Every structure is written in C-alpha cells, then in structure tokens.
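The whole structure should be built from the sequences, with the hints applied where relevant.
Chains as they are written, first to last, in my numbering: chain D, 2 to 122; chain U, 517 to 647.
These are calculated hints, taken from the structure and not from any lab test. On a predicted model such as this, the values are computed, not experimentally measured, just so you know. No false leads were slipped in.
The calculated DSBU-like cross-link candidates involving lysine-lysine, where the alpha carbons are at most 35 Å apart (straight line), are: (1) D:K58 to U:K596; (2) D:K91 to D:K40; (3) D:K40 to D:K58; (4) D:K115 to U:K644; (5) U:K593 to D:K91; (6) U:K525 to D:K40; (7) U:K644 to U:K525.
Derived Cβ-Cβ restraints for the label pairs, each shown as a range: (8) D:T71 to U:N639: 47 to 57 Å; (9) D:Q42 to U:S615: 40 to 50 Å; (10) U:E530 to D:T39: 26 to 36 Å; (11) U:E608 to D:D70: 41 to 51 Å; (12) U:N639 to D:K74: 43 to 53 Å; (13) D:K91 to U:L645: 15 to 25 Å; (14) D:M2 to U:E530: 24 to 34 Å; (15) D:E87 to U:A616: 25 to 35 Å; (16) D:K44 to U:T612: 39 to 49 Å; (17) D:Q57 to U:T576: 26 to 36 Å; (18) D:T65 to U:G626: 36 to 46 Å.
Each residue gets a CB set at the ideal place from its N, CA and C atoms; glycine is no exception.
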Amino acid sequence: MYILLADDDTFFQKFYQSQLTAKGYEVEVAVDGADALTKMQGKKPDLLILDLIMPQKDGFDVLTDMSQDTSLKNIPVLIFSTLGQEQDVKHAMQLGAKGYVNKSFFDFDSLVAKIQEVSKM
Amino acid sequence: MALDLQEYKKLYLETSQELLTKIQQGVADLRENPQNMDILSEVHRAAHSLKSQSLVMGYTQLGLAGRILEALFLNIKETKITLSDELMEIVEQSLTAMSASLTDIRQGHGEHNLSSYISNIENNTEIKLLA
Numbered sequence: 002m003y004i005l006l007a008d009d010d011t012f013f014q015k016f017y018q019s020q021l022t023a024k025g026y027e028v029e030v031a032v033d034g035a036d037a038l039t040k041m042q043g044k045k046p047d048l049l050i051l052d053l054i055m056p057q058k059d060g061f062d063v064l065t066d067m068s069q070d071t072s073l074k075n076i077p078v079l080i081f082s083t084l085g086q087e088q089d090v091k092h093a094m095q096l097g098a099k100g101y102v103n104k105s106f107f108d109f110d111s112l113v114a115k116i117q118e119v120s121k122m
Numbered sequence: 517m518a519l520d521l522q523e524y525k526k527l528y529l530e531t532s533q534e535l536l537t538k539i540q541q542g543v544a545d546l547r548e549n550p551q552n553m554d555i556l557s558e559v560h561r562a563a564h565s566l567k568s569q570s571l572v573m574g575y576t577q578l579g580l581a582g583r584i585l586e587a588l589f590l591n592i593k594e595t596k597i598t599l600s601d602e603l604m605e606i607v608e609q610s611l612t613a614m615s616a617s618l619t620d621i622r623q624g625h626g627e628h629n630l631s632s633y634i635s636n637i638e639n640n641t642e643i644k645l646l647a
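Okay, structure coming up:
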C-alpha cells in the first residue's frame with residue numbers, strides 16, 4: 002500500500018515514515034498541503050494521512066481542493082489530530098475525511114487497523 | 517506494539533528546540549507588530565507542533581504548555597484576545613521555563629513541572645486547558 006503522509010513537522014515526518022515503512026508500507030512525505038496536492042497529481046496514493054495545521058495550504062484546504070478534483074476526490078483521507086482538535090476533526094470529517102487518529106498517542110496496532118479500515122472505504 | 521522512543525529522543529530535542537526558538541523569536545517580533553498574521557500563524561503552528569511532539573514523547577508538561585500557547589495564539593489570531601504587555605511577559609516567562617525544561621531533558625534529567633505557568637496563562641485569559 003502506498004501512503005502519502007502530509008505533515009509539516011519534521012519530527013512526525015520521520016517518526017511515522019520510519020514506523021510505517023518498517024511495517025511494509027510505502028510511504029512518501031509531503032511537507033505541506035500544497036506539496037501534498039502536487040504529489041497526488043502524480044502517483045495516486047492508496048491513502049492520504051493528513052495533518053490539519055500546515056503552512057501554504059492547510060488540511061482543510063487540501064480536503065476542499067480534493068473534493069473538487071475528480072482525480073483526487075476518491076482517495077481516502079485519514080486525519081492526524083492531536084489534543085484539543087475535536088472541532089477541527091469534526092470539520093474535516095464534514096469535508097470528506099474518512100477517519101482520524103491522534104498522532105500524539107502512538108498505538109501502532111490501532112493505527113494499522115485504522116489505515117486498513119479507511120483505505121477500504 | 518511496544519515502541520522504543522529513545523531512538524527518537526535526539527530528533528525530538530533538535531526539533532523541539534527549533535520550534536521553541538521560533539516561538540520566542542516570533543513573540544519578540546510581535547512586540548513590534550502585534551497584529552501581524554504571518555507571525556501569529558507561524559507561532560501558532562510551532563506551538564501546535566511542539567505540543568504534539570512533546571506528548572508523543574511522553575513529556576506531558578511541555579505538551580500541555582504547548583497546548584495552551586497554541587490556544588492562546590489562535591485566540592489572538594481570531595482577535596478574541598489582545599496580547600497585552602502583561603500577557604506578553606507571562607508568555608515569555610513560560611517560554612523561558614520550557615527552554616530550561618528542554619535543557620534538563622537534554623542533560624538526562626526529567627522535565628519540569630510547568631503547571632504554574634499554564635495556570636498563569638489560564639488566569640489571565642479565558643482559555644481553559646481542559647475545557
């Protein structure tokens with residue numbers, strides 16, 4: 002499975018890319034929302050893991066742009082949330098995200114289960 | 517799956533210090549341009565990242581301090597709170613305490629209890645961390 006991970010945070014880019022790659026996923030990093038949209042115009046990911054607070058285009062912008070692009074709107078999106086983002090997650094789900102995980106409370110088994118669940122939607 | 521977070525500690529200490537420095541510089545710049553949206557967006561994102569990184573590494577106090585700064589900067593961006601001189605000083609004191617905590621972690625000690633700084637921000641705004 003090819004996953005595009007969009008997060009501007011260097012720590013989380015390396016943390017999650019290494020963890021997911023070690024488990025057999027092909028993971029590419031996008032450094033912000035604009036980069037994610039550009040990369041998705043090339044190779045289409047099986048799943049986009051999307052942080053919401055990013056420079057250039059934030060996660061909400063990405064979801065909005067994807068919904069208006071027939072080549073992107075069916076790519077499943079898993080939101081990376083953290084403490085205090087309950088309203089943001091609700092908004093993102095309304096914009097078309099399929100699920101969310103709290104990136105600050107690492108539980109690999111739960112993350113994999115969520116990836117499997119969302120990617121089959 | 518058990519995860520050895522120690523292998524990520526060096527990366528955390530590097531990136532968290534960069535974020536803290538970015539916030540400190542941004543807050544200093546806000547003294548000259550208190551309504552500058554670019555600066556406010558940058559410090560908001562940096563506080564968001566500092567919170568998230570700290571929590572995943574198990575540094576809860578730094579995570580909560582990052583969380584209240586993130587909420588504070590968002591409220592200032594949305595003009596719900598004005599960054600007064602008094603609040604600016606409280607933020608700068610909190611950042612100094614967070615920096616000292618990172619220094620101690622780097623030297624092999626535990627993180628500091630930052631609850632008094634968090635409470636100070638709560639008491640001077642309408643932000644409640646656990647609300």
